[in-house]
Amino acid sequence: MPKLTIDGIEIEVEAGTSILQACEQLGIEIPRFCYHERLSVPANCRMCLVEMERAPKPVASCAMPCGDGMVVKTNSETVLKARKGVMEFLLINHPLDCPICDQGGECDLQDQAMAYGFDRGRYLENKRAVKDKYMGPVIKTIMTRCIHCTRCVRFINEVAGVPDVGAVYRGEHMEITTFVEKAIGSELSGNLADVCPVGALTHKPYAFTARPWELRKTETIDVLDAVGSNIRVDTRGAEVMRVLPRVNDDINEEWLSDKSRYAYDGLKRQRLDRPYVRKDGKLVAVSWADAFAAIAAKVKGVAGNRIAAISGDLADVEAQFALKELMGRLGSANLDCRQDGARFDTSVRAGYLFNSGIAGIEKADVILLVGTNPRWEGTLVNARIRKRYLAGGVKIALIGEQKDLTYPYAHIGAGPDTLQQLIDGSHPFSETLRNAKNPLMIVGMGAFQRADGLAVQAAARITGEVYGMFRDDWSGFNVLHTAAGRVGGIEAGFLPGEGGRDVHGILDGASKGEIDVVYLLGADEIDTAKLGKAFVIYQGHHGDAGAHRADVILPGAAYTEKNAVYVNTEGRPQLARLAAFPPGEAREDWKILRALSEALGATLPFDTQSQLRQRLLAANPIFAAVGQMTPATWSPFGVQGAVDAAPFVSPITNFYMTDPISRASVTMANCTEALVGPAQERTGTHG
Amino acid sequence: MSAPASDHGHEPTSFAFTQENLELAQRIIAKYPAGKQASACMPLLDVAQRQNGGWLPRVAMDAVADLLGMPRIRVYEVATFYTMYNKNPVGKHHIQVCTTTPCWLRGSDDIVHACKTKLGIGLGETTADGQFTLGEVECSGACVNAPVVQIGDDYYEDVAPEHVDGLIEALKRGERPKAGSQIGRRSSEPLGGPTTLAAFTTQADD
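So the protein sequences, as listed, match chains A and B. Under our numbering, the first residue of the first sequence carries the number 1, and numbering increases by one thereafter. Under our numbering, the first residue of the second sequence carries the number 1001, and numbering increases by one thereafter.
Since the hints were derived computationally from the structure, they do not count as laboratory data. It is possible that part of the hints are untrue.
[To be verified] Within a straight-line C-alpha distance of at most 30 Å, the following computed DSS-like cross-link-like pairs (lysine-lysine) qualify:
1) A/K395 x B/K1118
2) A/K268 x A/K282
3) A/K403 x A/K437
4) A/K395 x B/K1036
5) A/K3 x A/K57
6) A/K512 x A/K282
7) A/K57 x A/K81
8) A/K512 x A/K530
9) A/K182 x A/K127
10) A/K530 x A/K282
11) A/K81 x A/K3
12) B/K1031 x A/K403
13) A/K363 x B/K1036
14) A/K282 x A/K298
15) B/K1031 x A/K182
16) A/K395 x A/K437
17) B/K1036 x A/K387
18) A/K298 x A/K512
[Said to hold, decoys possible] Counterexamples of contact, computed for chain B against chain A with all Cβ distances above 12 Å:
19) F1017
20) L1024
21) Q1037
22) T1083
23) T1101
24) D1110
25) C1143
26) R1176
27) G1192
28) T1195
29) L1197
Beta carbons are placed, not taken as given, at the ideal position from N, Cα and C, and that holds for glycine.
From just these sequences and the hints, can you work out the full model?
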């Protein structure tokens, strides 16, 4: 391990550490533009120059590995002069349009110019001007501001795996462009604006709407997929102005998918802001008391087994737990949080969790994807698989629909019969799995959303057993969920009770007239036509399919408007925090259920959220470990049986619109038009 | 300069290597180890440019990218980086006058002027009959015999303005003027003859 001296401080670092990283370990700040810790190192901005003894010139610290006995100075006269020189050259062609630049106030160039900039320009010639480029519906470009750090090029090639951006021409004429004025076909394109150190790439939906210093920042989590990305919601007043990722190396590193980032404009549209009751076939706005009275009048006296509840993709744990308690008090066991109709065994935690953890993907040496399109079902899980692929030495295989996943894989089958072949060892890929040290399997909802879901789950489990995916030192069996509410619902027990109906049974019963009351907790992705003549209560935040069919609407809060627990696909409980208050008369969801329970004469035994959480903890202690994964113990799950040979189909047909919020978003509609439409037309002739 | 999509209105809609060039391309690709086919990008672009009459339309770059299994943008980056790949159509004879310092000191400005006058076009322009394109380039790497003019694949060295007329007339007649020094200098010997090792020159003669 090399030992070196930086600014008179001795430090010993891991071999291969760059001087810049060593400086960071010492808390010495080195200015930089092109260097980004999660991207490759091109050393082309020259801002991180430091002085090194016995080196004839200043060296770029980001690309210089530490060597034994090096003596480095980061604050000498020479260093300051060198950095000032670099800064002056960077500013030669950079426009001084900070007052109208969206990056203003959070711009690396602006900040570093404060430290290394000269107070006037010596450049009297004309500055160069560059035509703006089209980079799709979410990235706005002002290319004259570009300083050619190539972070965007490296990000899109390395992390996103969509080689659409490049630097054309050379020297002073160099320009960053997409491959001929084309929208970037990546679900991670929003990160381009994050990695851009200047205002060349900015967020189109956020353009000219706010300044960073006037925003209130709330650290919370994303719920538009089951990954549970850590985010920061920036609000001004009651309005969400933008969503940015937060660093969490276990989950999203520092990236965020475009849906999670840009669907926030959907929070302002189609909102349910007051209770409604259907009178003579029309929804009429009423007071909370009247809405509760209408429900009480209908529900009182109805036998418990004729009442049912379905929770949706965005439902938080507290609301599902409160609704479960309420249903228990009403004598109903008909409840299900799997509104998508997926059939899988929930009796063993290992059977429905992403057991290896998302970060665990990096330890795998063989990855088997079953009935999933991780690029759309868990974009950042896919980014992690790509990261693993780039590290080398991994074999990836897919059973299911063939899609471009941004890394090469072997397509070894389309349906569950391939799993059977893997179990009996007759499939050629068995050999690879047998030789794997840490085999990893990711099973998607496409494998469970079918009549033989339980048998597929058992087949996947046996495959895992055969190839050593359940070991004391390695859990390689993973389920990738598509909804943020799902695992939380299962952990809170929002599942059919003794003799209760699951979502298929509920819809079946409602259409046959065996269920009289259906409570939809934000459930919009069900076939509402099957609700028959049932009395439908819809509690949620958007006027989507569920509200359209409802007899009573109770306006709830969206994920940015409540303090709530969500559990991601890894089984990791995380806290969403209130960033803005719900609109109009809408309320936090558990409060609505608590108030309703009183009106129904079945008062729930908690008056505050902390009392509710106490009860929740008593019911299931995993909720105590906020931000942590509680390892699941393994025992057999699934129901062995005959499987259908039909191929797996991914449940997501449009990445940009999967829930009521993203369906209400204009940005997501633009993305759909620009990216999903043409891609579908291309199928068959492309690749 | 704009994006590689050229706006000159000559952009063809398709490009395919001829059988002969495809075989040549395969021979070039075979020089590189498996998995490193991208190394063949530059020679293949050259093959494509020659096949397409001296310039590279976007479809040709795409064809090279697809043949090598490279992202298309990577090929555009290469093609736009080098000035020797012409992104716009050029005439049958592409006259490139070097105007970098050594040639300029030796009178390249006069050469450019002579070319302009003779052809009646400016730098970067093509004659109406599509025969000649005139351009200035950075160092051609033949400074010892400056000034130098490249026409097609040939270097014409020690060029004086009075040579220009003859060269262009010969090209117009369909001839290929003798390349190399226009004043009869042997390779890049000193103008006044050898000054050292003079005794050996007879043996070293080619």
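Okay, the hints, checked on the actual structure:
1. A/K395 x B/K1118: violated, 65 Å
2. A/K268 x A/K282: holds, 24 Å
3. A/K403 x A/K437: At roughly 27 Å apart (the allowed maximum being 30 Å), A/K437 and A/K403 satisfy the hint.
4. A/K395 x B/K1036: Given pair A/K395, B/K1036 holds - Cα atoms ~20 Å apart, limit 30 Å.
5. A/K3 x A/K57: With Cα atoms ~22 Å apart, A/K3 and A/K57 stay inside 30 Å; holds.
6. A/K512 x A/K282: holds, 24 Å
7. A/K57 x A/K81: Satisfied, since the Cα-Cα distance of roughly 12 Å is no more than 30 Å.
8. A/K512 x A/K530: holds, 9 Å
9. A/K182 x A/K127: holds, 27 Å
10. A/K530 x A/K282: holds, 20 Å
11. A/K81 x A/K3: Holds - the C-alpha atoms of A/K3 and A/K81 are around 27 Å apart, at most 30 Å.
12. B/K1031 x A/K403: violated, 33 Å
13. A/K363 x B/K1036: Holds, because 28 Å separates the two Cα atoms, which is no more than 30 Å.
14. A/K282 x A/K298: The hint holds at about 17 Å.
15. B/K1031 x A/K182: Given pair B/K1031, A/K182 is violated - Cα atoms ~34 Å apart, limit 30 Å.
16. A/K395 x A/K437: Cα-Cα ~12 Å, so holds.
17. B/K1036 x A/K387: holds, 21 Å
18. A/K298 x A/K512: holds, 19 Å
19. F1017: Holds, since 21 Å exceeds 12 Å.
20. L1024: Given that every Cβ of chain A is farther than 12 Å from that of B/L1024, nearest at about 26 Å, it holds.
21. Q1037: About 15 Å separates B/Q1037 from the closest Cβ of chain A, which puts it past 12 Å; holds.
22. T1083: violated, 8 Å
23. T1101: The claim stands: B/T1101 keeps its Cβ more than 12 Å from every Cβ of chain A (closest is about 17 Å).
24. D1110: Holds: least Cβ distance 28 Å, greater than 12 Å.
25. C1143: Its Cβ never comes within 12 Å of chain A, the nearest being 21 Å, so this holds.
26. R1176: At roughly 32 Å from the nearest Cβ of chain A, B/R1176 sits farther out than 12 Å, so the non-interface label holds.
27. G1192: Nearest chain A Cβ is 39 Å from B/G1192, so the label holds.
28. T1195: For B/T1195, whose nearest Cβ neighbour in chain A is about 37 Å away, the distance exceeds 12 Å, so it holds.
29. L1197: Holds: least Cβ distance 37 Å, greater than 12 Å.
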